[in-house]
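Using the working numbering, read the sequence shown as starting at 85 and increasing by one per residue.
Everything labelled a hint here was simulated from the structure, so no lab data went into it. Incorrect hints may appear among the rest.
[To be verified] Just the calculated beta-carbon pair ranges, DEER-fashion:
1. T245 <-> G110: 34 to 40 angstroms
2. V157 <-> A231: 45 to 51 angstroms
3. P108 <-> S87: 19 to 25 angstroms
4. N244 <-> S213: 23 to 29 angstroms
By construction, the Cβ of each residue, glycine as well, lies at the ideal position given by its N, Cα and C atoms.
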Amino acid sequence: MWSMVYIATLGNPMQSAGFRMVGPCGENPTNTNSWWSCNTIASGTCNTTNLSVPNLATCYLPSCNPTVVPFQVKNINCAQNDGVCGTTRYYTLNNSWIVTVQGLTVEQPPVPNSSSGTTFCSGFCTVLSATGNYGVPAYSYVWNPGAIAGNSINVCPPPNTTN
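Kindly generate the complete structure, drawing on both the sequences and the hints.
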């Protein structure tokens with residue numbers, strides 16, 4: 085998710101300016117004839133927040149080692165001629181912006197989910213499931229006692245079991 089702000093001044097409408105993200109695996113928006121912008125003829129500040137750009141680095145394999153991933157932000161300004169966008173566009177100069185990407189390592193997972201909810205009675209069964217977050221997939225799971233592998237396990241405590 086990312087956010088960006090631009091200001092349209094001197095009577096220029098916000099819809100005449102915009103931007104697109106270009107990465108090694110694709111562009112966003114994916115339609116090369118469109119860009120992120122505020123669709124209004126008013127001047128002012130265009131705030132875009134929480135835009136999803138899922139296809140920009142998906143061709144890279146997960147890695148624990150630092151990886152240089154080249155990106156480009158294309159700022160676009162359509163020349164207006166009687167309210168119609170012309171073909172003149174101005175792009176951001178190379179190396180004129182910086183992006184810092186913070187990765188996350190595998191975190192302690194939450195308490196496993198139970199098919200019976202948070203409480204079930206001894207002598208009955210439930211399925212416990214765990215899900216990994218962050219880090220480098222694929223995740224592996226081992227349930228103890230028993231050293232049973234897999235992200236879910238069927239547990240059936242015998243009668244009179246507590247805890």
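- Message: Against the range 23 to 29 angstroms, how does the distance between the Cβ atoms of N244 and S213 compare: consistent or not?
- Response: holds, 26 angstroms
- Message: Does the beta carbon distance between V157 and A231 stay inside 45 to 51 angstroms, or does it fall outside?
- Response: Cβ of V157 to Cβ of A231: about 49 angstroms, so the range 45 to 51 angstroms holds.
- Could you tell me whether the CB distance from P108 to S87 stays inside 19 to 25 angstroms? With Cβ atoms ~22 angstroms apart, the hint holds.
- Message: Looking only at beta-carbon atoms, does the pair T245, G110 fall within the given range of 34 to 40 angstroms?
- Response: Given range 34 to 40 angstroms: violated, Cβ gap about 53 angstroms.
When held up to the earlier numbered hints, the structure conflicts with hint 1 and nothing else.
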